[in-house]
Amino acid sequence: MRNLTLILLLAAAPLTATTEFRQPLPSVFAIVDVSVVTEPGRQLNNATVVIRDGLIESVGVERVPPADAQVIRFERADGQPPLTIYPGLIESFLPVDFEIDEDAEIPAGRHSLIHPERTIDAEDWPADAIEQYRSAGFTTALLAPRGGLLAGQSTLANLGDGGLKANRLAGGLAQHASLHGRDVFGGYPQSLMGSIALLRQTLADARWQSSAQSAWQRNPSQPRPDWMEGLQALAPVRTGDQPLVVESQDALDSLRIFSLIDRDTNLVIVGSGREYQRLDRIAERGAPHILPLNFPDAPDVEEAEGNANGNRDVALEELRHWHQAPENPARLIDAGVQVLLTSHGQPSPGDVFAEIATAVERGLDAEQALAALTTGPAEWLGIADRAGRIAPGYMANLLLVEGDLLVESPAISEVWVDGRRYQKAALEPPEIDPAGTWDLNINAGSMGQIEGTLKVSGPPTGMQGSLTIMGAEAPLSEARVSGTQLQVKINAANFGASGTISINFDIDGERGRGTGSGPFGNFSLRGERTSNVPDEENRP
Amino acid sequence: MSVSDWKTTMQGLHSTNALVAVCVTAVLVSSGLVFSQDSDWQPDIQSWEVTPPEQPGAVLIRNATIWTATEAGILEQADLLVEDGEIEAIGRGLDSPRGAVIIDAEGRHVTPGIIDAHSHAAIVGGVNEATTISTAHVRIEDVIDADSINIYRQLAGGVTTINLLHGSANAIGGQMQVIKLRWGQDPDGLIFSEAPAGIKFALGENPKQSNWNNDTPRYPQTRPGVAQIIREKFQAAEDYQRQKDGAPGGRAARDAVPMRVDYELEAIAEILNAERFIHSHAYRADEMVMLIELADQFGVTIGTFQHVLEGYKLARRMAEHGAGGSTFIDWWNFKYEATDAIGFNPALMHQAGVVTGLHSDNPELARRMNLEAAKAVRYGNVPEHDALKMVTAYPAQQLGVDDHVGSLAEGMHADLVIWNGHPLSVYSRVDQTWVDGRKYFDREADLAARQQLEAERQELIALALSAGEGDDSDEGVSEDSPSSRLLGYSRWELDHDEFCTAHVHTQAYGLNFVKGNRR
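Just so you know, the protein sequences line up as chains A and B, in that order.
Residue 420 in my numbering is what sits at position 420 of the first sequence, and the numbering runs on without skipping anything.
Residue 329 in my numbering is what sits at position 329 of the second sequence, and the numbering runs on without skipping anything.
Simulated from the structure, these hints should not be mistaken for laboratory data.
Only a predicted model underlies this, so the values are computations on that prediction, with no experimental measurement involved.
Hints are not guaranteed to be accurate.
[As the list claims (entries may be wrong)] A partial selection of chain A residues facing chain B, derived with a Cβ cut-off under 8 Å:
#: 1; residue: 27
#: 2; residue: 189
#: 3; residue: 200
#: 4; residue: 316
#: 5; residue: 322
#: 6; residue: 346
#: 7; residue: 348
#: 8; residue: 350
#: 9; residue: 354
Ideal Cβ placement from N, Cα and C applies to all residues, glycine included.
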């Protein structure tokens with residue numbers, strides 16, 4: 001695919017030139033006649049929020065918008081309540097997975113599961129995920145490396161466009177770990193006790209390295225200690241300056257983590273959802289929890305009733321967990337544990353709201369839930385003076401929602417990051433069925449034409465498919481129909497780049513034309529449907 | 001009680017307990033402790049739900065037949081007084097302290113809690129760290145599965161202390177952990193804090209990978225190689241200890257590069273310092289002689305040989321060295337190195353002065369350890385009281401905890417079992433099991449709780465039905481759903497020590513243990 005990259009890069013060259021023209025985009029906005037939840041428990045009505053150059057300039061009731069502001073006023077039907085603005089949500093744990101590089105040379109004395117020195121770099125920016133989080137109302141996230149036993153250090157970023165360059169807030173926020181890494185080549189370790197032993201030795205080695213190096217600096221007339229690359233990155237964890245965030249798989253896993261990590265360490269647990277099972281011990285340690293809301297579905301007791309064993313087939317254990325899991329957040333908070341909520345573990349970040357609604361039904365205080373997604377993480381992440389609230393001087397990170405945010409399915413209409421507005425495009429009812437195979441002719445500017453094939457299948461409300469260009473087939477990360485338009489997105493990583501390729505394709509019968517954009521620049525395309533049978537294998 | 005007495009008793013038991021036997025079967029069926037074809041049934045009781053039992057200030061057990069597992073032998077119509085978790089007195093007509101819990105044990109037998117010196121029953125995340133020839137730095141203590149239903153089931157078989165061992169995949173395996181079956185406690189609460197440290201070793205086919213279908217062979221591949229690697233590790237640990245001892249102290253230490261801690265060599269050095277004891281998987285006499293000679297050269301006394309099927313061939317040598325023998329009584333022939341096993345092995349080792357115990361190596365067998373002891377009477381006419389010691393006092397000696405458990409005497413932990421009949425009878429069962437003077441198993445309470453559990457189930461099912469959320473997805477089903485026909489075990493509990501070859505025995509039960517600890 002390097003060829004395609006090259007072609008598209010060259011094709012993009014003239015477009016780059018055009019961006020040098022001055023584009024006087026407005027940078028001052030006044031959102032008027034809205035309700036504003038400035039922070040958990042505080043709401044203003046008939047309020048105006050003024051945003052200037054990415055920051056909130058003012059928020060107040062019945063303010064006169066500044067003269068230079070673009071005024072945003074929402075049309076409301078008679079009696080319809082105003083839209084509500086909330087602080088943008090903060091995701092305390094957005095994992096970025098790192099695969100083990102089979103070809104990488106591991107320095108002597110180091111292990112492929114130990115990477116405390118790793119950071120999130122520009123190339124690791126999870127563009128697709130960030131778009132999903134943003135459309136669920138998240139405007140800031142802790143990007144946490146994941147993989148192995150010591151995965152590296154997280155980066156705090158806003159969730160706007162423009163990659164790490166435009167969004168990075170801070171680096172080295174926390175070190176991230178798990179007890180459950182196993183050597184991928186079948187070597188040591190292959191068991192939980194082996195992984196724990198490796199972690200214990202590594203933490204001891206880091207301690208040793210620090211004291212050995214400084215002793216030798218003080219007195220160089222002695223044999224020089226070996227250097228274990230990477231372990232110096234654990235120094236701030238050891239001094240308690242950098243939190244160590246460890247993912248737990250169940251209640252006993254949490255106790256295991258407590259035993260391994262000494263109390264001087266600033267330990268934070270990514271919870272399992274089963275903390276209620278060993279609540280006393282977990283509360284006693286007092287480590288803050290980043291808590292997923294991974295509540296199980298109800299066990300299938302109806303089917304079980306019908307068969308010979310009766311509903312004994314449904315384990316009481318399973319029934320109990322189903323019943324008690326939604327109380328987990330409230331019980332942890334009641335036990336005095338500091339809880340931050342995460343959408344991690346949900347099929348999609350937006351699914352977290354339904355789970356929060358369930359948890360609120362089962363005792364979680366709604367204000368505390370909101371705090372666990374705004375002011376709580378802002379404080380933990382050291383940005384309480386600039387994020388988590390709607391207040392003057394804070395980053396203009398906010399979301400607009402019809403009615404309340406913490407309901408099963410909140411109608412978030414737009415999200416602002418750093419004063420930039422991301423409207424959620426409302427979909428029109430489908431008027432076409434694009435299912436089939438489309439031969440595409442992509443106009444890549446001065447470099448000419450590229451042939452491609454787009455396959456889509458399924459009903460217009462739930463489509464899937466793939467895009468093939470120059471022999472490389474990539475799955476569509478998103479495919480939806482709005483009116484007569486097919487809108488698809490593809491992860492550009494499939495073609496050796498980062499970011500997202502978006503195509504909007506207007507269909508008229510068996511023909512279509514459209515435009516697209518991606519990391520290589522913009523392009524136009526035409527296409528013709530050659531088959532209504534997108535995928536022979538999928539036919540019954 | 002002599003053997004002939006016992007036989008008479010047995011005949012009595014045959015007739016009087018026939019009805020009981022039927023009832024026991026019925027209870028087992030109704031409680032789901034039977035094997036059905038395709039059920040994913042899991043146990044109803046969960047450790048985290050259990051409130052650990054209170055410790056009464058005093059407990060007086062009256063009129064029991066007490067098997068002391070000491071020189072005192074078996075006492076008829078005797079009383080046993082427990083105060084604050086320890087045995088205060090044993091004798092006739094003991095006074096009852098104010099507020100004491102009184103148990104009338106007329107017609108019942110009391111024995112020390114059973115001790116299983118070879119178990120993998122409550123380990124999570126793999127029993128073997130099989131990747132390297134020595135994993136002395138790996139600790140079972142880190143992976144105690146306090147949620148394992150085995151703990152409760154073994155209490156129901158009268159077991160109170162088990163030795164959780166690393167598997168036998170490597171010559172020097174991980175550090176073992178002796179635990180008490182304090183069901184409901186968290187892993188720290190299970191640890192038998194007075195127990196000396198120990199470590200698993202292994203000789204023979206497993207460490208040299210004879211039966212591994214492994215693309216990447218690991219050194220060594222021969223029995224002499226196993227001997228060599230153990231010697232080499234001992235020497236490395238000696239060097240390590242020497243360096244440690246020679247490290248500067250006080251003022252001189254301030255600017256000196258400190259010694260790097262190596263947890264593997266730390267553990268092996270502890271062996272050499274008699275602070276950690278070897279419990280070595282072994283079948284054949286020749287390689288046990290090898291380890292004895294090697295240990296003698298380094299001034300080390302081996303704790304036990306585990307399995308020790310050819311122990312009868314070198315029993316005097318073992319006794320002379322001071323190594324215990326922890327063995328199966330009738331598991332044999334399951335692989336080449338187990339062909340010379342005989343049922344008389346425990347009796348012969350015992351006669352030669354070896355501290356001889358019977359172990360389970362299997363969570364199912366562990367529930368019936370009293371019957372393993374009974375077999376020692378059958379094979380070699382071991383006196384009944386001595387046979388019982390093979391699952392109580394002797395394993396306690398082997399694990400170095402005999403000052404606290406394994407026998408009933410003043411000052412010992414109140415870890416004891418009340419049986420409804422002769423403890424070596426197949427017709428007897430456990431009425432109560434006490435650990436530290438707390439009643440962790442009570443058959444009557446168990447039976448009564450089943451109604452409550454059924455009520456809880458019905459309540460939750462009604463809730464699930466009214467929630468109307470029932471769907472066909474597998475979400476919410478624990479990943480630990482048993483993949484075997486053996487019911488009620490999570491995956492890890494079945495993750496059996498394949499290198500102990502117990503999987504072959506399990507065929508006798510028609511069970512299919514999950515193999516493959518190396519995954």
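Query raised in the report: Among the hints numbered above, which are violated by the structure, and what are their numbers in rising order?
Result: 1, 6, 7, 8, 9
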